[in-house]
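Participant: Residues per chain are reported as follows:
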Amino acid sequence: MSVGELKVPFVERAHRALNDRFLQEALNTATTRFMTLRHEAFQAFPQGEALRERAREIKEATLQKLDFYLEQLADNVERLGGHVHWAATGDEARGIILRLAQERGVKLVVKSKSMATEEIELNEALEHAGITPVETDLGEYIIQLAREKPSHIIAPAIHKTKGQVAELFSRELKRPLAADPEVLTKVARGELREKFLQADMGITGANFAVADTGTVVLITNEGNGRLVTTLPRIHVALMGMEKVIPSMTDLMVFLSILPRSATGQKISSYVTLVRGPRRPGEMDGPEEFHLIVMDNGRSSQLAGTLREALYCLRCGACLNVCPVYRQIGGHAYGYTYSGPIGILLTAMLHGNHAVRDLAHASSLCGACQEACPVKIDIPRMLIELREHLDRERIAPLAERLIFKSFARVLTTPALYRVLGRLGRLLQRPFVKDGRLGALPVFLRGWTDHRDLPPVAERSFRERWRELER
Amino acid sequence: MANPVRASLLVTCLVDLFYPEVGVAMVRLLRRLGVSVDFPSNQTCCGLPLFNSGYHQEAARVARRTVRLFAHSEHVVVPSGSCAWMVKKEYPGLLKDDPALGAQAEGLGSRTYELSQFIVKVLGAPDIATDFRGRVTYHDSCHLLRGLGESQSPRQLLRRLPGVELVELPGADQCCGFGGSFSVRLPDVSAAILKKKLENAEATGADCLVACDAGCLMQMSGGLSRKGSRVRAVHLAQVLAGSDSR
Ligand code: SF4
Chain A
3 MSVGELKVPF
13 VERAHRALND
23 RFLQEALNTA
33 TTRFMTLRHE
43 AFQAFPQGEA
53 LRERAREIKE
63 ATLQKLDFYL
73 EQLADNVERL
83 GGHVHWAATG
93 DEARGIILRL
103 AQERGVKLVV
113 KSKSMATEEI
123 ELNEALEHAG
133 ITPVETDLGE
143 YIIQLAREKP
153 SHIIAPAIHK
163 TKGQVAELFS
173 RELKRPLAAD
183 PEVLTKVARG
193 ELREKFLQAD
203 MGITGANFAV
213 ADTGTVVLIT
223 NEGNGRLVTT
233 LPRIHVALMG
243 MEKVIPSMTD
253 LMVFLSILPR
263 SATGQKISSY
273 VTLVRGPRRP
283 GEMDGPEEFH
293 LIVMDNGRSS
303 QLAGTLREAL
313 YCLRCGACLN
323 VCPVYRQIGG
333 HAYGYTYSGP
343 IGILLTAMLH
353 GNHAVRDLAH
363 ASSLCGACQE
373 ACPVKIDIPR
383 MLIELREHLD
393 RERIAPLAER
403 LIFKSFARVL
413 TTPALYRVLG
423 RLGRLLQRPF
433 VKDGRLGALP
443 VFLRGWTDHR
453 DLPPVAERSF
463 RERWRELER
Chain B
-12 MANPVRASLL
-2 VTCLVDLFYP
8 EVGVAMVRLL
18 RRLGVSVDFP
28 SNQTCCGLPL
38 FNSGYHQEAA
48 RVARRTVRLF
58 AHSEHVVVPS
68 GSCAWMVKKE
78 YPGLLKDDPA
88 LGAQAEGLGS
98 RTYELSQFIV
108 KVLGAPDIAT
118 DFRGRVTYHD
128 SCHLLRGLGE
138 SQSPRQLLRR
148 LPGVELVELP
158 GADQCCGFGG
168 SFSVRLPDVS
178 AAILKKKLEN
188 AEATGADCLV
198 ACDAGCLMQM
208 SGGLSRKGSR
218 VRAVHLAQVL
228 AGSDSR
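So the protein lines, in turn, are chains A and B. Each residue of the first sequence is one higher than the last, beginning at 3 in my numbering. Each residue of the second sequence is one higher than the last, beginning at -12 in my numbering.
Quick caveat, the hints were computed from the structure, so don't treat them as lab data. A couple of the hints might just be wrong.
[Said to hold, decoys possible] List of simulated lysine-lysine pairs, BS3-like, C-alpha gap at most 25 Å:
1. A/Lys151 / A/Lys197
2. A/Lys151 / A/Lys164
3. B/Lys76 / A/Lys406
4. A/Lys434 / B/Lys214
5. A/Lys164 / B/Lys183
6. A/Lys197 / A/Lys109
7. A/Lys151 / A/Lys9
8. A/Lys197 / A/Lys176
9. B/Lys83 / A/Lys406
10. B/Lys183 / B/Lys214
11. B/Lys182 / A/Lys434
12. A/Lys188 / A/Lys164
13. B/Lys76 / B/Lys108
14. B/Lys214 / B/Lys182
15. A/Lys377 / B/Lys76
[Unchecked claim] Partial pick of chain B residues on the chain A-facing surface, computed with a CB cut under 10 Å:
16. Cys0
17. Tyr6
18. Val9
19. Arg18
20. Asn29
21. Cys32
22. Gln44
23. Ala46
24. Arg133
25. Phe165
26. Ala178
27. Ala179
28. Ile180
29. Lys183
30. Lys214
Heads up, the beta-carbon is just placed ideally off N, CA and C, and yes, glycines get one too.
Turn these sequences into a full structure, and let the hints guide you.
Facilitator: Right, here's the structure in full:
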C-alpha cells in the first residue's frame, strides 16, 4: 500500500474492500480453510493446551531477561563465525543491509518470506540502490510481480484468486497460463531457480533465534528458505529483538504449536536451523553470515501497554478468525501488519496517531485471543490503546465530548430518564411498522443496512411499577 | 417457601429502553421459579460502552454508582452476557484505586450472574414450564462465551423444554458484528459480518434465533427484519417465559 492510499480514511478503505468481489471470494475461501485446519489440528492434539501455556511462560520469562538472552545469542553467533549488528530503528536496519550489499558488490538478492523486511520496506530501498531483490516464497513472488504488499502475515497473496494469479503470471511472463495452482507453481519455480544460482546475497527473517546455541530458525513450506540460506555467498538474517528464545528445548515447544496455528500442520515442511557461515570442511552454506537484531519500537513497549504483543509468533491465526479481517482483508488496514495483532504492532511501530481509527477496527469478540498460540490478550490491549487515544487527545474532539456527556447521563438517573423520553419523541417521524428503518446523522450507517428497534413506548422501569405488585 | 432466593435485576440500558418485554419475561420467569425479584430503580447502564471505547475514568464513575446501588443484593441477575462480564471482570479493576470500593466490586462480581447461569448454577436448573413452541437455534454471544466461558447453560435450558427443538447454528461462536459502538463506527463491516450469521441461522430452518445478550439481539433482529426473514431473534428469557412475556 502506498502512502498515497493512506490518505483515504480507513472507513473508506474498508468500504472498498467489502465491495471487491475478487477479494471477498479469495479471502473467504482462504481464511475459512486456515480456520478449519487449525481447529482440526488442535482437536487432534490434546497436549496443545498445556504447550500453549508453556509457550506463553517462555515468552514472558524471555522478555524479563531480554538483554541477557540477546547478548548470549550474539556471543554464540559470533563464536560460530557470524557477525551481529544491532539496529535501533528500521532506518538503521536498512542502512546496515544496504552497506553490506554495496561493500560486497551485490547485484542480485534472493529473499525468503520475512515480515521484518516488509516492516522496513527493504525491497524499495534495495531497488533504489540499484540492487535487485527477488522474493522466492510463492506468495511473496506473486505480490512482488503485482507490485503489491503482503495482505497476511503468512499468506501474503491471500487477497488474490487463482484466476487473478494466472492473469498476472501470463501478463508478466508473457505467455498464457492456466489458473491451475500446480502449473503456476511450476512456472514460478522455473523462474526462481536461475535467480538462486545468480544471487550474491540471501536475505531471510528469523522465526526464532536460540540464545544458547546461536541458531537462527526458519520455518517454511516451500524449501526456498534452504536455498536462500545456502546458495548465495552471503546470508543476512533480520530479526525483531523479541524473536530470541533461550534454548532448543524451548524451540520444541514452539515448533509444536506454531505450524498447527498457522496452517494446521503438525510440523512445517522445512525447519531450517542456521548456525553461522560455512565452516572448513563443510559442503555448503554461505561464506558470510550476518544477523541483524532490530528494535524499531519494540523495547519501548517492554514496560508499555503493548508488552504482550511482543509474544507474537506471527502465525496469522488471529487474522484468520477475526471477523473484521475476514471481511476487509489486510490491505485495508494500510500498514505492514494487519488484523487484530497488526493494529497493536502498527501502534508499536508508528505510534498511537497511526491507529486513531484502526484501534476501533474490532468488535472485541475475543476470537483472536482464543486462537492465538500464546494467548495474547489482544482485545484488552485494543481497549487500552483506545484509552490512550482519549488520554492523549488523539481521538476526535467530537467523539470525546459525546462519550463524556454520555457518562454524565449514565451517572445521573434523572437525566437518563428524560433522554429516554426525548428519544421516544424524536424518533416518531422515523418509526414505520414498529421499527426504525432510516435514521439521519451518525445512525444513518446503521440503518442503511439494518433496522433499529424504536425506544419502547414504556420502558422497563415504567412497567416495573405494575410488576411490583 | 421458607427462604426464597432473592435477586436484584440489572436490566441493562438496552433492555430498559428497547426491549422492556425481555425484562418483563425475566421477572415473570424468575418469580415462577420461586425467586423474589427486586429492581433498584436508579440503575442506568453498566458502563460497558464507555469502557470499550477507552473512556475508563468515565466508566469507573458508572461502576462506582452501580456497585453502591447493588451493595445489598443477595444475587444480581443480568439478561446480557456482556454486561454481566463488565460487572464481574472489569469493575474490580476499574475501582481498584479505592480499596474499599474495589473489594465491594469484587463482592458484587461474585454475586452477579448472567440469566442462564443464574438459573443453572444458583437455582440448580429446575424444570421450566413454557408454552413456547418451535424450532430454535442458539447464537453464542462473544462476552458470554469467551468472557465468561459459558456455552452450555443456555443450551441445556433450551434442550430441556418439551415443545422446543434446539438445532445447532453453524458458526454459533462467531461474532454477529454488533460490538457496541463498532456497529456505528464501521456500519458496513458490521453488516457484512452479520450477513453470514443470518445466512447460517436461516439455513438451520429454525423459527427463532435465541441469544443471551440484548446487543446481539438488536443487531440480529435488525438484520432479520430488514431482509424480511421469517426467522425471529428472541432473548432466552422470552423462550423460557413463553406467552408470559408480554
Ligand atoms: S498474535 Fe497470536 S495469533 Fe496473532 S499472529 Fe501473533 S501469535 Fe499468531
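Participant: Where does the structure disagree with the numbered hints, that is, which hint numbers, in rising order?
Facilitator: Result: no hint breaks.
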